[in-house]
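Build the full structure now, drawing on both the sequences and the hints.
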Amino acid sequence: ARVRWGPAKREGDEKDPFEEEAAAQGDHHGRGTTTDKPPSGSHTAHTEQESRPKKEDSDQKDHHEEHHKVSESTQENEKETHSNHKPKDNGAQPAEAEKKSTPPEKPTADADLAADSNEHESVLISLCATAMAGDACFKAVRWAQTDGIVTHPEWYGNLTGSSSFTEFQEWLHKGDFGDCEAPCGEPCLCVFDADRTLTTHQGYMQRCEGTAKVPGVSDNAFVPGTLVLSAMAQNIQGTFCKHCYRGIVSAGDIGGLHSDERGVLGQMLGGHQATVNGDWSDAANVLSLLVVNAGTGAKQETVRRMVDWLRSSNGVDIQDRNVHFFDDEEDNIWPFGDTGFNARQVSCASRDDGGIGLCGGGANEVDASLGVRTCS
Numbered sequence: 005a006r007v008r009w010g011p012a013k014r015e016g017d018e019k020d021p022f023e024e025e026a027a028a029q030g031d032h033h034g035r036g037t038t039t040d041k042p043p044s045g046s047h048t049a050h051t052e053q054e055s056r057p058k059k060e061d062s063d064q065k066d067h068h069e070e071h072h073k074v075s076e077s078t079q080e081n082e083k084e085t086h087s088n089h090k091p092k093d094n095g096a097q098p099a100e101a102e103k104k105s106t107p108p109e110k111p112t113a114d115a116d117l118a119a120d121s122n123e124h125e126s127v128l129i130s131l132c133a134t135a136m137a138g139d140a141c142f143k144a145v146r147w148a149q150t151d152g153i154v155t156h157p158e159w160y161g162n163l164t165g166s167s168s169f170t171e172f173q174e175w176l177h178k179g180d181f182g183d184c185e186a187p188c189g190e191p192c193l194c195v196f197d198a199d200r201t202l203t204t205h206q207g208y209m210q211r212c213e214g215t216a217k218v219p220g221v222s223d224n225a226f227v228p229g230t231l232v233l234s235a236m237a238q239n240i241q242g243t244f245c246k247h248c249y250r251g252i253v254s255a256g257d258i259g260g261l262h263s264d265e266r267g268v269l270g271q272m273l274g275g276h277q278a279t280v281n282g283d284w285s286d287a288a289n290v291l292s293l294l295v296v297n298a299g300t301g302a303k304q305e306t307v308r309r310m311v312d313w314l315r316s317s318n319g320v321d322i323q324d325r326n327v328h329f330f331d332d333e334e335d336n337i338w339p340f341g342d343t344g345f346n347a348r349q350v351s352c353a354s355r356d357d358g359g360i361g362l363c364g365g366g367a368n369e370v371d372a373s374l375g376v377r378t379c380s
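Throughout, our numbering is defined as the position within the sequence shown, counted from one, plus 4.
If you're looking for bench data, these hints aren't it; they were derived computationally from the structure. Incorrect hints may have been included.
With a cut-off of at most 20 Å between alpha-carbon atoms, the simulated EDC-like pairs for lysine to aspartate or glutamate come out as follows [as the list claims (entries may be wrong)]: (1) K246 x D356; (2) K178 x E158; (3) K217 x D139; (4) K246 x E190; (5) K217 x D356; (6) K246 x D324; (7) K246 x D139; (8) K178 x E190; (9) K217 x E158; (10) K178 x D139; (11) K246 x E158.
Here it is, written out as structure tokens:
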């Protein structure tokens, strides 16, 4: 059976109020509500029916929120969600003063559980997510960068037209606009070779620690056999690359158009969202982040075209220093030296004849180090 893959459906994705509002009003930022009388304690978009005069700054605020503010119901749901991440107030503070003269009680199992819960909550609160193409937040950030800052620069404090994507997302997050979480950093891109980087020699699974065979899926690179995933392929989403766009540049065709092998490797990278659209294209005409038939020693040119395509077709501007490439062949690494990109040779601990990897990339070989590094 053919492997099919795409973006995982998240809870609450059945109906997106932001998309409805955008379709109805051309709204680019958040979700606004239009009512004759704003609910108490909330900010809503102004209406033509309102009869009382508005001050200029009030008009600007209301208009701004047509582009930025989430719906009232969404706000309430978010408040409930965030409240679940905060340590609960058990109303014990007044009693603390009365108990100062009494010996402290011995910690209980419940107290230990509460402490563990609080620690877990602090981890949840610290989570971040740099917006990616297709997100509601991404659309809000792009509108702020291209339209909002031009028409209403006074809205954005110290931000300017040259401020970074991350700075705009941080501003939206702090203002509770556009469904934006705190950004993890500047947009980045991780690109991987396929054969002997994301895959393992078909006959060496038992000798290569952390690898996994995929029954029923063929891999005919170098020698025919069943696809074996390297430790790197299975752990990409546990590395810094989980916050980045992810792509493949392969010298081969990875099983050909619509192959199961392509489907599996796409899933390993994170599916539709991580690769922007999940499509495959040829190195001669790069129209995606999944590219085949890139010549050995020329993959740096393909990666450049990928970065250009992201910018021109998706509005994603990734700086060269935030691009990371991983490949098992040294001949594909050293040409990156003059590009400004980062490149690292992998499968250094296990080599096959012909200067290629054997077990493929290891999980610990995906790092954010800068520069160009080979195994030697």
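Going down the list of hints, with the structure as the test:
1. K246 x D356: It is violated: about 29 Å lies between the C-alpha atoms, which goes past 20 Å.
2. K178 x E158: Within the cut-off at roughly 16 Å; holds.
3. K217 x D139: 34 Å, violated
4. K246 x E190: Given pair K246, E190 holds - Cα atoms ~13 Å apart, limit 20 Å.
5. K217 x D356: 19 Å, holds
6. K246 x D324: Status holds; Cα separation ~18 Å.
7. K246 x D139: 16 Å, holds
8. K178 x E190: It holds: about 17 Å lies between the C-alpha atoms, which stays within 20 Å.
9. K217 x E158: 57 Å, violated
10. K178 x D139: Answer holds: K178 to D139 is near 18 Å, not above 20 Å.
11. K246 x E158: 35 Å, violated
The structure shown violates the earlier hints numbered 1, 3, 9, 11.
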